[in-house]
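Colleague: Okay, here's what each chain looks like letter by letter:
2 protein chains.
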Amino acid sequence: MHSELPKIEACFSPSEFHQYEKGFELIVVIDVLRATSAICAAIENGVKGIIPVDSVEDARAYLKKGYLAAAEREGQIVEGFPMGNSPISFLNPKLQGETIVLTTTNGTKAIKIAENKETVVIGSLNNLQSLTEWLIRQERNTLILASGWKDKFNLEDTICAGAIIDGVLESRKFASKEDSSVAAKFIYRSAKENIFSYLKASSHRRRLRKLNLNADVNFCLTPNNLTAIPILKDGILVPLQEVENTVET
Amino acid sequence: MHSELPKIEACFSPSEFHQYEKGFELIVVIDVLRATSAICAAIENGVKGIIPVDSVEDARAYLKKGYLAAAEREGQIVEGFPMGNSPISFLNPKLQGETIVLTTTNGTKAIKIAENKETVVIGSLNNLQSLTEWLIRQERNTLILASGWKDKFNLEDTICAGAIIDGVLESRKFASKEDSSVAAKFIYRSAKENIFSYLKASSHRRRLRKLNLNADVNFCLTPNNLTAIPILKDGILVPLQEVENTVET
Numbered sequence: 179m180h181s182e183l184p185k186i187e188a189c190f191s192p193s194e195f196h197q198y199e200k201g202f203e204l205i206v207v208i209d210v211l212r213a214t215s216a217i218c219a220a221i222e223n224g225v226k227g228i229i230p231v232d233s234v235e236d237a238r239a240y241l242k243k244g245y246l247a248a249a250e251r252e253g254q255i256v257e258g259f260p261m262g263n264s265p266i267s268f269l270n271p272k273l274q275g276e277t278i279v280l281t282t283t284n285g286t287k288a289i290k291i292a293e294n295k296e297t298v299v300i301g302s303l304n305n306l307q308s309l310t311e312w313l314i315r316q317e318r319n320t321l322i323l324a325s326g327w328k329d330k331f332n333l334e335d336t337i338c339a340g341a342i343i344d345g346v347l348e349s350r351k352f353a354s355k356e357d358s359s360v361a362a363k364f365i366y367r368s369a370k371e372n373i374f375s376y377l378k379a380s381s382h383r384r385r386l387r388k389l390n391l392n393a394d395v396n397f398c399l400t401p402n403n404l405t406a407i408p409i410l411k412d413g414i415l416v417p418l419q420e421v422e423n424t425v426e427t
Numbered sequence: 179m180h181s182e183l184p185k186i187e188a189c190f191s192p193s194e195f196h197q198y199e200k201g202f203e204l205i206v207v208i209d210v211l212r213a214t215s216a217i218c219a220a221i222e223n224g225v226k227g228i229i230p231v232d233s234v235e236d237a238r239a240y241l242k243k244g245y246l247a248a249a250e251r252e253g254q255i256v257e258g259f260p261m262g263n264s265p266i267s268f269l270n271p272k273l274q275g276e277t278i279v280l281t282t283t284n285g286t287k288a289i290k291i292a293e294n295k296e297t298v299v300i301g302s303l304n305n306l307q308s309l310t311e312w313l314i315r316q317e318r319n320t321l322i323l324a325s326g327w328k329d330k331f332n333l334e335d336t337i338c339a340g341a342i343i344d345g346v347l348e349s350r351k352f353a354s355k356e357d358s359s360v361a362a363k364f365i366y367r368s369a370k371e372n373i374f375s376y377l378k379a380s381s382h383r384r385r386l387r388k389l390n391l392n393a394d395v396n397f398c399l400t401p402n403n404l405t406a407i408p409i410l411k412d413g414i415l416v417p418l419q420e421v422e423n424t425v426e427t
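Those protein sequences? They're chains A and B, same order as listed.
Going by our numbering, the final residue of the first sequence carries number 427, and the count climbs one at a time with no gaps.
Going by our numbering, the final residue of the second sequence carries number 427, and the count climbs one at a time with no gaps.
Hints are supplied without guarantee of correctness; some may be wrong.
Which copy is meant is left open, because identical chains are indistinguishable; a pair holds if it fits in one copy or across any two.
[What the hints assert, rightly or not] Each computed DSSO-like pair below joins lysine-lysine, with the alpha-carbon atoms no more than 30 Å apart:
{"id": "1", "residue 1": "K411", "residue 2": "K295"}
{"id": "2", "residue 1": "K200", "residue 2": "K272"}
{"id": "3", "residue 1": "K355", "residue 2": "K290"}
{"id": "4", "residue 1": "K355", "residue 2": "K388"}
{"id": "5", "residue 1": "K226", "residue 2": "K328"}
{"id": "6", "residue 1": "K295", "residue 2": "K378"}
{"id": "7", "residue 1": "K351", "residue 2": "K226"}
{"id": "8", "residue 1": "K328", "residue 2": "K351"}
Just so you know, these hints were derived from the structure itself, not from any lab.
All chains should be built: construct the whole structure from the sequences, respecting the hints.
Modeller: The structure is reproduced here in structure tokens:
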């Protein structure tokens, strides 16, 4: 008999994290529309680091100290900030080498909830394949934390969680036991042929459509257009290589 | 333009009820394995009423007063009680006309959380069709509360919620806006051809299999083998007709 396989599980919202986190020191935070897609885009673009903060007030304090800061609430850029959480805006070459403070409605909150764990990485549909391959190599208990919408279940994060779980389980080196993980996998499988049409019914998709953010939505729902894996190091999201190189030296 | 349609939505667990319940005075409580299936079976069998209570202690107090009381925890009958929550045991003709006190791990907790709402009815796969038809006739905002497993999402309750939502939406007299409802509907649609095999992966199904409760599971997962709709009246679950007759007089 082989020893027990590491687990890969999904938690649908930050409000449920306490019910799932026991035994997991590797957390993947997801907020497909749009925070974690934006963070992946930024790191791939060469942004030096993203500092996630909970509140608009905290972000404003950084802004006053001269930091570049981005703030989004309810899908819109908060007044007084140069940027929100549009992934396309984070692809601007002028941002290369910069450190950017970021606060968003759901995504940064989820990152902060997980921040005391040993390893926190950022997932999206954009970095799906590279993240899945990396997770398989770790062979560690892995919990995917969906940011949801104001602590509620959401469809796009669940599809992304299901995609990661489906890919990781294919390696046959992991197991899933939670019903949430089984459901996420099945939702992904019924959605994967046409994620756009599947998400027509999504509440946040409707919210963003009203705000004329279709280009952002298209970017966020395109799998594997990025390979960067952002990882939390001393409270700052940096490229994974930076941490892995540090470990080797 | 027609006026806004009444809503039919799903809430995945009692711990999330506060995030969904605003604007809903008609609640359907579901605990497919096995509490609400057992309650439907009991009422169909002619049991006079079921008194749901939160704790084993409360149930024991009723037992001492001479009540018939049933108690289940972790899938098993609690020591000192004559019954647990096996739906098959509630079909015993000797129970006709009796009032039975009931406490279970998840289902009775969900009923208690909803009890201050105007209307609380009991759903299961067993009474799916009669319940769906009745809900359509009400044309009221309807929230389906899944009992889950210890406040976590579970698969069988979500399938049942999705089945009710799918049926109610077919009437074109209702709308769903929550992502949880959309997901439940899609999960039901991928599961409906073979609920048994779909639930092979369910955590609670595994739990019950270990306890040799396959006959119960078969009963609970058989749609439309009952027509009774239990409804909460003054803290006691009674047949729907009793309340509707009262309203008419």
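Colleague: Decide, hint by hint, whether the structure agrees.
Modeller: For each hint, the structure was consulted:
1. In this assembly of identical chains, the alpha carbons of K411 and K295 lie at most 30 Å apart only when taken from the same copy (11 Å versus 48 Å across copies).
2. For a Cα distance limit of 30 Å, the shortest separation of K200 from K272 qualifies neither inside one copy, at 41 Å, nor across copies, at 46 Å.
3. For a Cα distance limit of 30 Å, the shortest separation of K355 from K290 qualifies both inside one copy, at 26 Å, and across copies, at 29 Å.
4. For a Cα distance limit of 30 Å, the shortest separation of K355 from K388 across copies, 15 Å, qualifies, whereas the shortest one inside one copy, 38 Å, does not.
5. For the homomeric pair K226 and K328, the shortest alpha-carbon distance inside one copy (29 Å) is at most 30 Å, but the shortest distance between copies (42 Å) is not.
6. Neither within a single protomer nor between protomers do K295 and K378 lie at most 30 Å apart by alpha-carbon distance, with minima of 35 Å and 32 Å respectively.
7. For the identical chains of this complex, K351 and K226 are neighbours neither inside a copy (33 Å) nor across copies (53 Å), given an alpha-carbon limit of 30 Å.
8. Taking the shortest alpha-carbon separations for K328 and K351, only the inter-copy value of 28 Å comes in at or below 30 Å, while the best intra-copy value is 34 Å.
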